[in-house]
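Please arrange chain B on chain A, whose structure you already have, making use of the hints.
Taken in sequence, the protein lines are chains A and B.
Counting from 1, one number per residue, gives the positions in the first sequence under the numbering used here.
Counting from 1, one number per residue, gives the positions in the second sequence under the numbering used here.
Think of the hints as simulated: they come from the structure by calculation, not from any bench.
Watch out, some of these pointers could steer you wrong.
Keeping only pairs whose Cα atoms sit at most 27 Å apart, straight-line, the calculated DSS-like set for lysine-lysine is [unchecked claim]:
{"#": "1", "chain 1": "A", "residue 1": "Lys-169", "chain 2": "B", "residue 2": "Lys-2"}
{"#": "2", "chain 1": "A", "residue 1": "Lys-185", "chain 2": "B", "residue 2": "Lys-2"}
{"#": "3", "chain 1": "A", "residue 1": "Lys-177", "chain 2": "B", "residue 2": "Lys-2"}
{"#": "4", "chain 1": "A", "residue 1": "Lys-169", "chain 2": "A", "residue 2": "Lys-185"}
Just a few of them, taken from the derived set where beta-carbon distance is under 8 Å, the chain A residues facing chain B [stated by the list, open to error]:
{"#": "5", "residue": "Thr-72"}
{"#": "6", "residue": "Asp-128"}
{"#": "7", "residue": "Leu-129"}
{"#": "8", "residue": "Ile-147"}
{"#": "9", "residue": "Ser-153"}
According to the in silico footprint, chain B covers these stretches of chain A (three or more CB under 8 Å from chain B) [what the hints assert, rightly or not]:
{"#": "10", "region": "19-25"}
{"#": "11", "region": "29-39"}
{"#": "12", "region": "45-53"}
{"#": "13", "region": "87-99"}
{"#": "14", "region": "160-167"}
Note that the Cβ used here is the ideal one computed from N, Cα and C, for glycine as well.
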Amino acid sequence: MTPEPPADDFEAGLRPLWARAQAGDEGAYRESLQRIAGRLRTFLRRRMQSLPDDVEDLVQETLLAIHLQRGTYDPEVPVDRWALAIARHKLIDLWRRRGRREALNDPLDALPEADQPAVWEELPVQRDLETLLARLPEAQQQAIALIKLEGLSVAEASQRTGVTASALKVRVHRGLKRLAELVRKA
Amino acid sequence: MKTSDLIDLLATGAGPSPRAVAMRRLVPVLVLGALASAAAALAVRGPIPATLFATPAPWVKLAYAGALAGGAAWLAARLGRPIARTSGPVRMLLLVVVAMVLLGTLTLLAAPAGERLETMLGHSWARCPINVLTLSLPALAGALWALRGLAPTRPRAAGLAAGLLAGALGALGYALSCTEVSPAFIAIWYSLGIGLAGTLGAALGPRILRW
Numbered sequence: 001m002t003p004e005p006p007a008d009d010f011e012a013g014l015r016p017l018w019a020r021a022q023a024g025d026e027g028a029y030r031e032s033l034q035r036i037a038g039r040l041r042t043f044l045r046r047r048m049q050s051l052p053d054d055v056e057d058l059v060q061e062t063l064l065a066i067h068l069q070r071g072t073y074d075p076e077v078p079v080d081r082w083a084l085a086i087a088r089h090k091l092i093d094l095w096r097r098r099g100r101r102e103a104l105n106d107p108l109d110a111l112p113e114a115d116q117p118a119v120w121e122e123l124p125v126q127r128d129l130e131t132l133l134a135r136l137p138e139a140q141q142q143a144i145a146l147i148k149l150e151g152l153s154v155a156e157a158s159q160r161t162g163v164t165a166s167a168l169k170v171r172v173h174r175g176l177k178r179l180a181e182l183v184r185k186a
Numbered sequence: 001m002k003t004s005d006l007i008d009l010l011a012t013g014a015g016p017s018p019r020a021v022a023m024r025r026l027v028p029v030l031v032l033g034a035l036a037s038a039a040a041a042l043a044v045r046g047p048i049p050a051t052l053f054a055t056p057a058p059w060v061k062l063a064y065a066g067a068l069a070g071g072a073a074w075l076a077a078r079l080g081r082p083i084a085r086t087s088g089p090v091r092m093l094l095l096v097v098v099a100m101v102l103l104g105t106l107t108l109l110a111a112p113a114g115e116r117l118e119t120m121l122g123h124s125w126a127r128c129p130i131n132v133l134t135l136s137l138p139a140l141a142g143a144l145w146a147l148r149g150l151a152p153t154r155p156r157a158a159g160l161a162a163g164l165l166a167g168a169l170g171a172l173g174y175a176l177s178c179t180e181v182s183p184a185f186i187a188i189w190y191s192l193g194i195g196l197a198g199t200l201g202a203a204l205g206p207r208i209l210r211w
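The following block holds chain A by itself, in its conformation from the complex (with noise of 0.2 Å):
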């Protein structure tokens, strides 16, 4: 067993709510992502400080693979642990995609990563995602374009394009794994 650190405010306000948004609660979710997002964009620009363009794409790249990943989520984990476990591994892709030599250095102050303010306001992108849509596949950016942009539901997405509902899950899917591919190659 992993020893747990103490809880503190973040997780124990995050906790409830990223079990709702596990069970299939799309409002819980949202509001997890946005917590987590805040929490991202500390944690990454801690590490950055060389980087500081980067830190945002960072933090997008990071939430595509939370979201491709949340059926790795292990309750037995606190869920920033588990989400600052993926953004470290993203960094260290990062910098090895960026040839550099370089230990993940963990910052020298010694505020815990717990008591880290939460950074709200985004920095700016240098890669959008929207260009890098566009290059999916046809099928793939049509599902995602009607289920997740314009917030269809599978069973109208489904009535609308005469693709089984079934079928169009799997495109939304494939089609966001495709993007994350493009994210990291980008």
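For chain B alone, coordinates are given in the frame of chain A:
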């Protein structure tokens, strides 16, 4: 796209989180990997004589390989998560290996002093680990594919788990075509073959398990 728009996009119509993602990917690997290994062993080397199944030897091999495959699959499933709790599966794997080594040591001690070396080496010690490793390759490819679709943050450890899983499945198939009878042989050479597959997996992990 702004981050708040991305969050909207992700949350809209998201539905509940998918369940049992690790098992859904690993169970087919277990089944197909075992089938591939068994089919290749039977096709290339042929089955052991049916009379051998009246002795404990093939059953010891199958039980050892099966238990290791179970433990390694459990470990791989855990290492497919960003924060992996590995102590349970690691303890199980150690327990299985220790039990096998104990059994091997006991049979060795029971053998007359002059025959001990022969008991350990059998007639195929030089081929056994390589055969186990070769038979594990399809399962290794499958296990690495399965883990790549999850979220391993310790790629070397996850690769090791994939390799051990594949090695155990290789040994499972090899047991059907291997006529060695001594538990001492199994404890040494089967373990070595499985360990080789684990090492290969650990070497490939950092290269393949990127996401």
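Item checked: Violated hints - listed by number, lowest first -> 12, 14
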